[in-house]
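Below, each chain spelled out in residue letters.
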Amino acid sequence: MSLKGRDIISIRDLSREEIEEVIKASRRMLPYAEGTKAGHQLDGHVLTLAFFEPSTRTRLSFETAMARLGGRCVTIADAGTSSLSKGETLYDTIRVLSAYGDAIVLRHPNEGAARLAAQASNKPVLNAGDGAGQHPTQTLLDLATMQEAVGTLSGLKVVLLGDLKYGRTVHSLAHALALFGAELVLSSPPSLKLPDEVREHLDEMGAKVTEEGQLHRAIRDADVLYVTRIQRERFGDEAEYARVAGSYRIDRAVLAGAKPRLVVLHPLPRTAEIAPEIDDTPHAAYFRQVFLGVPVRMALLCLVLTGKAQ
Amino acid sequence: MSLKGRDIISIRDLSREEIEEVIKASRRMLPYAEGTKAGHQLDGHVLTLAFFEPSTRTRLSFETAMARLGGRCVTIADAGTSSLSKGETLYDTIRVLSAYGDAIVLRHPNEGAARLAAQASNKPVLNAGDGAGQHPTQTLLDLATMQEAVGTLSGLKVVLLGDLKYGRTVHSLAHALALFGAELVLSSPPSLKLPDEVREHLDEMGAKVTEEGQLHRAIRDADVLYVTRIQRERFGDEAEYARVAGSYRIDRAVLAGAKPRLVVLHPLPRTAEIAPEIDDTPHAAYFRQVFLGVPVRMALLCLVLTGKAQ
Amino acid sequence: MSLKGRDIISIRDLSREEIEEVIKASRRMLPYAEGTKAGHQLDGHVLTLAFFEPSTRTRLSFETAMARLGGRCVTIADAGTSSLSKGETLYDTIRVLSAYGDAIVLRHPNEGAARLAAQASNKPVLNAGDGAGQHPTQTLLDLATMQEAVGTLSGLKVVLLGDLKYGRTVHSLAHALALFGAELVLSSPPSLKLPDEVREHLDEMGAKVTEEGQLHRAIRDADVLYVTRIQRERFGDEAEYARVAGSYRIDRAVLAGAKPRLVVLHPLPRTAEIAPEIDDTPHAAYFRQVFLGVPVRMALLCLVLTGKAQ
Numbered sequence: 001m002s003l004k005g006r007d008i009i010s011i012r013d014l015s016r017e018e019i020e021e022v023i024k025a026s027r028r029m030l031p032y033a034e035g036t037k038a039g040h041q042l043d044g045h046v047l048t049l050a051f052f053e054p055s056t057r058t059r060l061s062f063e064t065a066m067a068r069l070g071g072r073c074v075t076i077a078d079a080g081t082s083s084l085s086k087g088e089t090l091y092d093t094i095r096v097l098s099a100y101g102d103a104i105v106l107r108h109p110n111e112g113a114a115r116l117a118a119q120a121s122n123k124p125v126l127n128a129g130d131g132a133g134q135h136p137t138q139t140l141l142d143l144a145t146m147q148e149a150v151g152t153l154s155g156l157k158v159v160l161l162g163d164l165k166y167g168r169t170v171h172s173l174a175h176a177l178a179l180f181g182a183e184l185v186l187s188s189p190p191s192l193k194l195p196d197e198v199r200e201h202l203d204e205m206g207a208k209v210t211e212e213g214q215l216h217r218a219i220r221d222a223d224v225l226y227v228t229r230i231q232r233e234r235f236g237d238e239a240e241y242a243r244v245a246g247s248y249r250i251d252r253a254v255l256a257g258a259k260p261r262l263v264v265l266h267p268l269p270r271t272a273e274i275a276p277e278i279d280d281t282p283h284a285a286y287f288r289q290v291f292l293g294v295p296v297r298m299a300l301l302c303l304v305l306t307g308k309a310q
Numbered sequence: 311m312s313l314k315g316r317d318i319i320s321i322r323d324l325s326r327e328e329i330e331e332v333i334k335a336s337r338r339m340l341p342y343a344e345g346t347k348a349g350h351q352l353d354g355h356v357l358t359l360a361f362f363e364p365s366t367r368t369r370l371s372f373e374t375a376m377a378r379l380g381g382r383c384v385t386i387a388d389a390g391t392s393s394l395s396k397g398e399t400l401y402d403t404i405r406v407l408s409a410y411g412d413a414i415v416l417r418h419p420n421e422g423a424a425r426l427a428a429q430a431s432n433k434p435v436l437n438a439g440d441g442a443g444q445h446p447t448q449t450l451l452d453l454a455t456m457q458e459a460v461g462t463l464s465g466l467k468v469v470l471l472g473d474l475k476y477g478r479t480v481h482s483l484a485h486a487l488a489l490f491g492a493e494l495v496l497s498s499p500p501s502l503k504l505p506d507e508v509r510e511h512l513d514e515m516g517a518k519v520t521e522e523g524q525l526h527r528a529i530r531d532a533d534v535l536y537v538t539r540i541q542r543e544r545f546g547d548e549a550e551y552a553r554v555a556g557s558y559r560i561d562r563a564v565l566a567g568a569k570p571r572l573v574v575l576h577p578l579p580r581t582a583e584i585a586p587e588i589d590d591t592p593h594a595a596y597f598r599q600v601f602l603g604v605p606v607r608m609a610l611l612c613l614v615l616t617g618k619a620q
Numbered sequence: 621m622s623l624k625g626r627d628i629i630s631i632r633d634l635s636r637e638e639i640e641e642v643i644k645a646s647r648r649m650l651p652y653a654e655g656t657k658a659g660h661q662l663d664g665h666v667l668t669l670a671f672f673e674p675s676t677r678t679r680l681s682f683e684t685a686m687a688r689l690g691g692r693c694v695t696i697a698d699a700g701t702s703s704l705s706k707g708e709t710l711y712d713t714i715r716v717l718s719a720y721g722d723a724i725v726l727r728h729p730n731e732g733a734a735r736l737a738a739q740a741s742n743k744p745v746l747n748a749g750d751g752a753g754q755h756p757t758q759t760l761l762d763l764a765t766m767q768e769a770v771g772t773l774s775g776l777k778v779v780l781l782g783d784l785k786y787g788r789t790v791h792s793l794a795h796a797l798a799l800f801g802a803e804l805v806l807s808s809p810p811s812l813k814l815p816d817e818v819r820e821h822l823d824e825m826g827a828k829v830t831e832e833g834q835l836h837r838a839i840r841d842a843d844v845l846y847v848t849r850i851q852r853e854r855f856g857d858e859a860e861y862a863r864v865a866g867s868y869r870i871d872r873a874v875l876a877g878a879k880p881r882l883v884v885l886h887p888l889p890r891t892a893e894i895a896p897e898i899d900d901t902p903h904a905a906y907f908r909q910v911f912l913g914v915p916v917r918m919a920l921l922c923l924v925l926t927g928k929a930q
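Protein chains in written order, with the working numbering: chain A, 1 to 310; chain B, 311 to 620; chain C, 621 to 930.
Simulated from the structure, these hints should not be mistaken for laboratory data. Nothing here was measured: the structure is a model prediction, and the numbers come from that model. Beta carbons: idealized from backbone N, C-alpha and C, even for Gly. Some hints here could point you the wrong way.
Ranges of calculated distance between the beta carbons of each label pair, as one might list FRET restraints [as the list claims (entries may be wrong)]:
(1) A:E53 x B:L400: 17 to 25 Å
(2) C:K624 x A:D279: 39 to 47 Å
(3) C:E853 x B:D589: 35 to 43 Å
(4) B:L400 x A:G236: 25 to 33 Å
(5) B:R542 x C:D633: 34 to 42 Å
(6) C:L710 x A:A272: 36 to 44 Å
(7) A:E53 x C:R872: 30 to 38 Å
(8) A:D279 x B:R527: 33 to 41 Å
(9) A:E53 x C:T891: 53 to 61 Å
(10) C:D633 x B:D561: 34 to 42 Å
(11) C:K624 x B:E521: 36 to 44 Å
(12) B:G397 x A:Q310: 37 to 45 Å
Working from the sequences, and respecting the hints, build out all of it.
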């Protein structure tokens, strides 16, 4: 079992053991991510970042990971509007990009683009999000945050809250949590429920999944509350949006009914889903979650580029 | 007295001694800035550059300073139009950015944004311009250029010429020059005079300030002539703009009445304010001024990130 | 004979011996370009990239070359739309840019801009394309690819195919091939023939040049087939474009009449000029050509910045 030279397209490409290896390695990366130790693990390595749709945070997180371990990046922040792909197939573009760095981080608006890119490239491809498809490093950092905050990934009760229909991250996360035997509580407005095929996939995995539309009931006894954005554009009617968004808003009053050690995550940016008053409580793990994206990506890059992460 | 870990939001945050320390340190940085010596002072350090409005020169100057001392940058050149801040508070954006580098260089269109950012961030924030507010590294490099060109910052007679009302840099510079006991001569069209509150602040500092609208009288006996852009958009009438801009244009004829060692500075880009024929005279210090931005920023970054600048 | 400190504006600035030196040095750079060896030849060197029109591939190729040899880049990917040149002469812009890195790579939409920039800058300027003018590193990598694929640059029979009128790269390439005594076969639609002044220049050099509009006749006995894009916008009429483009399309049937070792190059991106079925044949050298841009630029950067390329 080695991740060296592997494409990382979907969290489903990774076994539970491989996910655990990345998370464990990410803990060894903490002093480098914090800047208290200068890393040299990726000295001489070059990473190509090709973002065909903007995702500034993901780009910065990968770039920081490389920079703090001695590696270099060559970056196209706006490949979609650049001259890069003008009148050219994705196959050709990726063949060209594989002439540069040792691996390619790809963000693309089209579902399936990363898998296609992996076929074209003779260098490893890391999927940094392809449309409504996969975004495996987001799932890895979500898991790493839960592991750090709760102390374990075994036997967790996790509430997935908000838009479970369109939210890219939440489908991958549900799969990964099921791998670790979590109990999942789905809490969403009726129009934004988890798609049937994702639910069926979880059932096939033998996951414990329940639904609970009422927020205060859903979070009772939960270890983790994973909040997602409810996007205005999903609703025809402004009043309907306001009503739904309001009933899934996390504030101190809502969390009064939760375990004292309930951990709140959010992929950010948030709009109104979490009140700022939560930021200073021990529940808030969402800014830590952003930070942990750096050591998690460090670990994954080390494993894919060098086969080890010390 | 140490600048380590300090936010640098306004030139007023720095004492005269601290300003002198940065300028003195910038002289030690010259061989690194010139590329004759490879620096390692910032090996292992990562700087986040977040430009919410474009300022290519300031960005390149900071990036060059880091690169020549062994540091790395993660950069958002167009944070304003990027996906970074979409529907998010500045507080959240800065909390996210502080997950990456060891310090944040912020450029923002809104006055006061840098102070707000410093409150949100647990990493030092360096203000690279916030609206009509402050731009302290510009002031430091202006001073460093005068120090190098004249040989001292004590007892200077400095003419501030052109748009003294809207010009961001000139208010900070006037404060800093007053700290060093300079005699200031204000020379501007009536509609572009220094704002009353800046003038009162200088008076409270005990600065020697006079006004002289006539350019040839203003520069007589001056050591330094600091020229600013007069922007077309400040005038309703094209003819009025042409008349005013013409009467503040520096050429050889104008400088014939000046000291042979008068030093001319300009924050650049210039339009018509300085005739190209001045470029080859010993008066011209404005391209040197651009260059000195690099060692000055090197010095400041070393002091803020490591506490020393050798 | 040394390239140290030289401006590289046009391939015509280089002698045959200098071109051979760059190509030979580029072979020594292969392990660094492939990432199997970490280079330190450009440790401590900083390159300024100023792209006044987008050219993502050329930018990435230069950035990769610097990164893999330990150097750093400060980059303006969109200088044309950035705040860099607002209301400023190219002379001033270049004087400012020369304050940063040790050399400037310039891409500009206006023919002659690179020559002007070289006059303004006290640092070497490398032309990465100026309008319909020169693009010397493209020519160098074209030659390096032929040298590697055929084993020699002497006595080649090279077909230049497609748009020979507007194609920037093909005029420089024709000159360089003539320097090496190649036999050139020009194959283009009548409306896209090589301009008279280029043809006359080749004649003055004593080059062997023939014209052959029929593709299957042109490639008979050829060692190299250099294919260029035929751009839709050159034709008023869609049907006429389709007819012409179709008659210059390379596929297996066309190559059946060629030497088994015929090498096909293309500056990319391609549209329909080369059928994807060619990609897997031994004829296809166009993706290798992209890759060889990296070691060629490494070699040139080493020679210009340090005077040697080991």
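Hint check:
1. A:E53 x B:L400: 17 to 25 Å: holds, 24 Å
2. C:K624 x A:D279: 39 to 47 Å: violated, 56 Å
3. C:E853 x B:D589: 35 to 43 Å: The hinted range 35 to 43 Å holds for E853 of chain C and D589 of chain B, with Cβ atoms some 41 Å apart.
4. B:L400 x A:G236: 25 to 33 Å: For G236 of chain A against L400 of chain B, whose Cβ atoms are near 31 Å apart, the range 25 to 33 Å holds.
5. B:R542 x C:D633: 34 to 42 Å: Roughly 40 Å apart at Cβ, these two residues keep to the hinted range, so it holds.
6. C:L710 x A:A272: 36 to 44 Å: At roughly 49 Å between Cβ atoms, A272 of chain A and L710 of chain C fall outside 36 to 44 Å, so the hint is violated.
7. A:E53 x C:R872: 30 to 38 Å: Hint holds: Cβ distance 36 Å, inside 30 to 38 Å.
8. A:D279 x B:R527: 33 to 41 Å: violated, 58 Å
9. A:E53 x C:T891: 53 to 61 Å: violated, 23 Å
10. C:D633 x B:D561: 34 to 42 Å: For D561 of chain B against D633 of chain C, whose Cβ atoms are near 36 Å apart, the range 34 to 42 Å holds.
11. C:K624 x B:E521: 36 to 44 Å: The hint (36 to 44 Å, Cβ to Cβ) is violated, given that K624 of chain C and E521 of chain B are roughly 53 Å apart.
12. B:G397 x A:Q310: 37 to 45 Å: holds, 40 Å
Checked against the numbered hints given earlier, the structure breaks hints 2, 6, 8, 9, 11 and satisfies all the rest.
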